[in-house]
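> For reference, the chains in residue letters:
There are 2 protein chains.
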Amino acid sequence: MLRDLPRLVLEDLSPALNGGQFPVKRVVGDEVAVEATLFGDGHEQLAAELQWRAAGERNWQRAPMEELANDRWRGAFSLDTMGRYEYVVEGWLDRFGGFRRDFRKKLDADVAQDVDHAEGRQLVEEAAARSKGKTATALKKQLAALEKAEGEKSAKLLLADDLAELMHEADDRPHTIRSEPQPVDAERVAARFSSWYELFPRSMTGDKGRHGTFADVIDHLPRVCGMGFDTLYFPPIHPIGKTNRKGPNNTLTPEEGDPGSPYAIGSAEGGHDAIHPELGTFEDFDRLVQAAAEHGLEIALDFAIQAAPDHPWLKEHPGWFAWRPDGSMKYAENPPKKYQDIVNVDFYGPDAVPGLWEALRDVVLLWVDHGVKTFRVDNPHTKPLPFWEWMIGEVRAKHPEVIFLSEAFTRPTMMYRLAKVGFSQSYTYFTWRNEKHELIDYITELTTEAPKDFYRPHFFVNTPDINPVFLQKGGRPAHRIRAALAATLSGLWGVYSGFELCDATPLGPDKEEYLDSEKYEIRPREWRSANDIVDDITRFNELRREHPALQTHLNTQFYLAHNDSIIWYGKPSPDGSEMIMVMVSLDPHYPQECDFEVPLWEFGLGDDATIPVEDMFGGYRFEWHGKYQHIALDPDEPFRVWRLAKPGENA
Amino acid sequence: MLRDLPRLVLEDLSPALNGGQFPVKRVVGDEVAVEATLFGDGHEQLAAELQWRAAGERNWQRAPMEELANDRWRGAFSLDTMGRYEYVVEGWLDRFGGFRRDFRKKLDADVAQDVDHAEGRQLVEEAAARSKGKTATALKKQLAALEKAEGEKSAKLLLADDLAELMHEADDRPHTIRSEPQPVDAERVAARFSSWYELFPRSMTGDKGRHGTFADVIDHLPRVCGMGFDTLYFPPIHPIGKTNRKGPNNTLTPEEGDPGSPYAIGSAEGGHDAIHPELGTFEDFDRLVQAAAEHGLEIALDFAIQAAPDHPWLKEHPGWFAWRPDGSMKYAENPPKKYQDIVNVDFYGPDAVPGLWEALRDVVLLWVDHGVKTFRVDNPHTKPLPFWEWMIGEVRAKHPEVIFLSEAFTRPTMMYRLAKVGFSQSYTYFTWRNEKHELIDYITELTTEAPKDFYRPHFFVNTPDINPVFLQKGGRPAHRIRAALAATLSGLWGVYSGFELCDATPLGPDKEEYLDSEKYEIRPREWRSANDIVDDITRFNELRREHPALQTHLNTQFYLAHNDSIIWYGKPSPDGSEMIMVMVSLDPHYPQECDFEVPLWEFGLGDDATIPVEDMFGGYRFEWHGKYQHIALDPDEPFRVWRLAKPGENA
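As given, the protein sequences belong to chains X and L, one line each in that order.
For the first sequence, position 462 (counting from the first letter as 1) is numbered 462 according to UniProt numbering, and the numbering increases by one without interruption.
For the second sequence, position 455 (counting from the first letter as 1) is numbered 455 according to UniProt numbering, and the numbering increases by one without interruption.
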């Protein structure tokens with residue numbers, strides 16, 4: 001029993017989440033670099049092996065790990081297919097490796113004795129005795145040769161690589177220690193890199209009096225695709241409740257004909273598995289999905305688990321909802337506020353488990369069958385975590401290509417946990433990070449701390465609920481600044497329509513909502529104007545597609561710019577051949593200038609070196625001589641995007 | 001089954017080591033501040049409780065935890081007795097607490113309706129139905145009152161504290177989540193605070209030709225106690241091997257009469273359970289332990305698991321050792337180096353488990369029975385970790401007062417792991433940290449990172465094996481500098497005899513060993529000289545005893561001193577009433593001066609305030625006016641120790 005206590009220590013596996021409870025997130029094609037700390041007593045030689053397999057595979061693939069400094073070991077494996085993988089680290093006492101190491105030292109110091117040779121032979125003998133087949137035969141042959149050899153000849157045989165190879169095969173791995181399996185999720189690339197455009201289909205009309213349709217949306221696909229987006233996201237498209245319907249600007253006094261909020265889901269015409277009749281039919285929707293695909297766009301739908309008071313489920317499944325002692329329904333509330341057009345389901349209601357949970361999963365599967373592979377989930381933090389873990393697990397086991405985006409704005413604990421339990425992408429605090437130090441702190445947290453392995457930040461510049469004060473007050477320069485930041489800092493960015501027109505009129509002076517919000521009315525727009533920033537957005541999306549450096553947040557490095565209103569960062573391409581460098585003035589009102597450092601050292605260049613620069617918006621080239629440079633930025637041209645490459649390499 | 005998935009998340013317990021695998025280290029009398037992250041979906045009110053018990057207790061003590069920011073909760077419990085404790089955190093959905101919170105908000109906003117009152121009554125009714133005895137009776141009484149009440153009267157009853165108290169008692173704690181138990185070790189205070197003096201008993205003689213004895217050591221107790229030490233530590237006191245005995249200065253050619261190294265343990269006269277005959281008998285040893293106790297000193301012994309070639313175990317238990325293919329014994333080696341006076345046991349030898357393990361444990365227990373409660377363990381990192389975990393566990397289960405000090409100088413992974421598996425105290429890298437930034441980095445790692453909960457650094461200024469170059473080259477000022485640092489930075493410090501005499505002659509120009517090392521010969525000394533620093537050491541130990549601020553490393557704070565050769569730190573007393581401030585020049589050769597900041601803010605004082613200062617070595621008092629001060633330090637007076645207290649408070 002004492003003999004069975006583990007002699008070696010194996011700990012601090014990386015990447016790993018909660019000791020293997022949750023999968024580490026990667027995408028297909030990634031190489032997973034695994035590290036672990038492995039050590040034992042004394043000066044013994046250890047060995048470590050990385051083992052991995054894809055879900056459903058029985059056998060492990062194996063590769064030796066390499067020893068780094070301070071008992072750290074490293075190995076790597078590739079994610080060749082989409083879906084779940086797992087890996088394990090195994091360590092053991094490498095007797096023959098230790099013999100080789102010490103024997104070589106003794107030979108070098110000329111102190112090796114006969115008994116040292118004999119020790120090596122003894123290890124070979126033991127290995128031959130315990131192995132079988134070819135290995136045993138080969139080891140016995142080596143042993144015969146060793147028994148005849150002496151001195152230098154014996155030493156050469158003992159240290160030969162082919163003997164080492166055989167001994168590795170025959171190794172009984174004494175004192176083996178093996179980690180728990182660590183899951184890794186290989187998602188499709190769009191989980192890490194995509195560019196979203198959000199619109200309300202009903203607003204795709206030239207006339208406020210005529211409800212836009214899926215057919216109208218098809219007419220807008222060239223525009224959306226032309227700006228370079230790849231994901232087109234709609235707020236809920238289901239029948240809208242009539243009871244307690246909200247009027248324009250969230251008023252409680254709607255007029256006949258007001259369309260209501262699409263987030264008040266469900267009416268006599270159906271619930272989450274139905275389409276709002278004024279948008280079209282399932283056939284129309286299928287046609288739209290098909291047309292979008294032809295434009296290189298995929299459709300993302302909203303998944304908002306809440307019901308209008310006339311949602312069919314309230315009658316069909318009263319046990320899925322909470323009722324008050326007087327028999328009235330429990331509206332959504334955050335006391336003293338009350339949302340009377342919305343009723344929340346009760347996930348632990350008398351009939352809710354598993355009925356409601358399965359019904360919700362089936363709603364998602366229904367839309368998956370209609371070609372929707374991406375869901376933006378409304379307020380997931382107000383629904384139980386085990387529901388998400390179970391539901392996303394069920395859907396992705398069948399359809400590993402499905403992506404869920406978490407729209408949670410709450411405390412970091414919950415936002416991070418939702419990502420761990422299964423959401424591929426997450427809304428963030430980016431919308432409220434305008435200061436240089438705030439942006440640097442936040443990005444650094446996301447790229448260097450635990451979240452880097454599970455939390456993919458989706459940087460929306462605005463949403464139907466968030467009309468940031470910075471945009472309201474900063475006009476067109478502010479919109480260009482935020483577009484530059486979102487499009488270059490993260491692999492995931494999103495624009496809610498109207499942003500490209502610099503439309504940021506708030507509901508009131510201290511309000512973060514839009515005036516005449518599309519949530520409560522149909523809003524036709526003119527899609528180009530002298531004030532728009534469509535060309536900027538188009539160019540950013542083009543750069544993002546062309547430069548892998550811009551397809552992740554994880555490679556962002558901040559550099560020194562001596563002005564608190566100018567942020568300066570760079571992103572190396574995966575192969576290190578180029579860097580996309582971005583400089584943004586955070587001041588939409590006044591010119592700003594600064595001295596800054598060109599990170600010549602990233603290319604192995606000295607401080608006085610010359611490096612060629614390509615201006616990615618201006619389209620011209622120039623050179624920087626030396627590490628210290630100066631720049632002036634103007635609200636009219638608040639950012640620069642440059643491409644750096646080592647002189648002579650694709651410059 | 002879906003219903004059973006945990007709804008709430010409980011994570012990041014603190015203090016906790018490896019998820020509860022190892023105990024957190026504290027001492028008797030400490031309060032353990034426990035924090036945990038607890039959260040769930042939505043806006044529900046949660047509650048958390050801290051539960052704890054001492055080893056052998058069946059029932060948990062309980063205290064509510066308080067909610068901090070960002071889902072963090074906090075509670076505390078006291079360690080009243082020595083030994084093992086465990087604690088648990090439990091969280092649940094606090095339905096009635098949530099009702100009270102929301103109901104109060106609605107009352108304040110004047111939107112409370114009858115149905116809100118009814119909801120409260122329903123919760124009380126449910127609680128009354130599920131509870132028993134007194135609680136049920138009291139709740140039914142409350143319910144009767146509520147059913148008669150209306151409006152303000154009903155509200156008052158629903159929000160009354162006595163109802164809340166009853167509802168807490170009757171709470172069925174829905175969605176309970178409970179942490180794993182986390183062990184905490186309450187050791188005696190000496191585990192955290194003690195001052196060690198090391199001597200070779202055989203050198204306690206005036207004549208190199210006469211072997212010192214335990215009786216001679218008794219004569220030295222007043223001197224050691226006079227310097228203020230509380231622990232007197234001896235290298236091994238067992239019979240010394242004769243085979244391959246080392247001569248003076250580690251030579252291989254001893255002469256007749258050379259005493260050999262006490263680390264070559266065992267001869268025909270006995271092994272680890274015997275006493276070297278020239279030192280005395282067990283009766284002499286017992287007398288010494290008794291006499292030491294009368295001087296306020298405890299005896300610490302070396303536990304060095306290694307054998308001289310003539311250790312009795314080699315014949316009695318050949319299966320406890322490793323033998324080479326030619327039948328010769330395997331000497332300790334670190335190729336190409338070889339230690340021919342020492343044989344290591346083989347912990348996994350054919351008869352070693354459990355025979356050797358138990359024999360080693362019994363050796364420790366034998367010495368415990370002779371009054372030894374502290375063991376300095378030689379090179380524990382070359383023996384298996386599971387042995388230490390098992391052996392220390394066995395000894396401390398019977399004798400929780402026993403302290404083990406780990407003498408491991410190796411990679412941080414191993415040094416920290418040894419502390420986790422059971423060592424109460426640890427040797428450190430302090431001996432080689434001489435630069436300001438090195439000291440600050442190292443202390444900061446020990447006080448703010450994971451080690452703070454399990455690794456107690458023992459700062460030895462020198463050891464028989466380590467004669468630091470800084471002392472060799474820096475003379476008396478260097479000795480004073482290192483004494484000041486060790487005695488004030490850590491609750492544990494140690495001096496190997498000779499240090500107080502500034503004896504630092506090395507074996508050779510680039511050697512870190514002492515010339516004429518006591519490890520290989522008897523060395524009588526003159527115990528006072530004009531050059532000694534006995535008075536400094538005495539004063540430091542006096543200050544350490546009088547000021548709890550100096551009894552731990554954990555409270556060390558570094559402050560700004562504008563000179564890379566001057567280190568400046570402060571240590572608040574546990575009650576915050578005073579700070580012991582220490583300023584040390586790290587330069588034993590040249591005068592150094594600097595501007596520095598007095599941390600007036602630690603006393604809530606403004607930058608221009610006046611604070612009284614007591615010089616703890618000079619014995620005089622003065623005042624600092626304002627935060628910015630200047631000082632000059634000289635190699636002759638390389639440090640200052642000041643006491644600061646808020647004006648009017650014990651100043």
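It is worth saying that the hints were derived from the structure and are not from the lab.
Any given hint could turn out to be false.
A pair counts as met if it fits within one copy or between any two copies, since identical chains are not told apart.
Unchecked claim - Below, in silico cross-link-like pairs of lysine to aspartate or glutamate (DMTMM-like), each with a Cα-Cα straight-line distance of 20 Å or less:
id : residue 1 : residue 2
1  : K156      : E394
2  : K452      : D12
3  : K511      : E602
4  : K141      : D351
5  : K473      : E255
6  : K646      : D102
7  : K646      : D453
8  : K134      : E165
9  : K242      : E269
10 : K315      : E269
11 : K330      : E119
12 : K436      : D230
13 : K153      : D503
14 : K315      : D114
15 : K338      : E119
16 : K436      : D564
17 : K105      : E333
18 : K436      : E152
19 : K132      : E49
> Look at each hint and say if it fits the structure.
Comparing the hints with the structure gives:
{"no.": "1", "hint": "K156 - E394", "in the structure": "neither (58 Å within a copy, 48 Å between copies)"}
{"no.": "2", "hint": "K452 - D12", "in the structure": "both (16 Å within a copy, 18 Å between copies)"}
{"no.": "3", "hint": "K511 - E602", "in the structure": "neither (44 Å within a copy, 41 Å between copies)"}
{"no.": "4", "hint": "K141 - D351", "in the structure": "neither (72 Å within a copy, 33 Å between copies)"}
{"no.": "5", "hint": "K473 - E255", "in the structure": "neither (32 Å within a copy, 92 Å between copies)"}
{"no.": "6", "hint": "K646 - D102", "in the structure": "neither (44 Å within a copy, 62 Å between copies)"}
{"no.": "7", "hint": "K646 - D453", "in the structure": "neither (30 Å within a copy, 48 Å between copies)"}
{"no.": "8", "hint": "K134 - E165", "in the structure": "within (13 Å within a copy, 76 Å between copies)"}
{"no.": "9", "hint": "K242 - E269", "in the structure": "within (10 Å within a copy, 100 Å between copies)"}
{"no.": "10", "hint": "K315 - E269", "in the structure": "within (13 Å within a copy, 93 Å between copies)"}
{"no.": "11", "hint": "K330 - E119", "in the structure": "between (80 Å within a copy, 11 Å between copies)"}
{"no.": "12", "hint": "K436 - D230", "in the structure": "neither (29 Å within a copy, 55 Å between copies)"}
{"no.": "13", "hint": "K153 - D503", "in the structure": "neither (84 Å within a copy, 52 Å between copies)"}
{"no.": "14", "hint": "K315 - D114", "in the structure": "neither (91 Å within a copy, 25 Å between copies)"}
{"no.": "15", "hint": "K338 - E119", "in the structure": "between (81 Å within a copy, 16 Å between copies)"}
{"no.": "16", "hint": "K436 - D564", "in the structure": "within (6 Å within a copy, 32 Å between copies)"}
{"no.": "17", "hint": "K105 - E333", "in the structure": "between (75 Å within a copy, 12 Å between copies)"}
{"no.": "18", "hint": "K436 - E152", "in the structure": "neither (67 Å within a copy, 52 Å between copies)"}
{"no.": "19", "hint": "K132 - E49", "in the structure": "neither (22 Å within a copy, 59 Å between copies)"}
Comparing the model with each numbered hint stated earlier shows that hints 1, 3, 4, 5, 6, 7, 12, 13, 14, 18, 19 do not hold.
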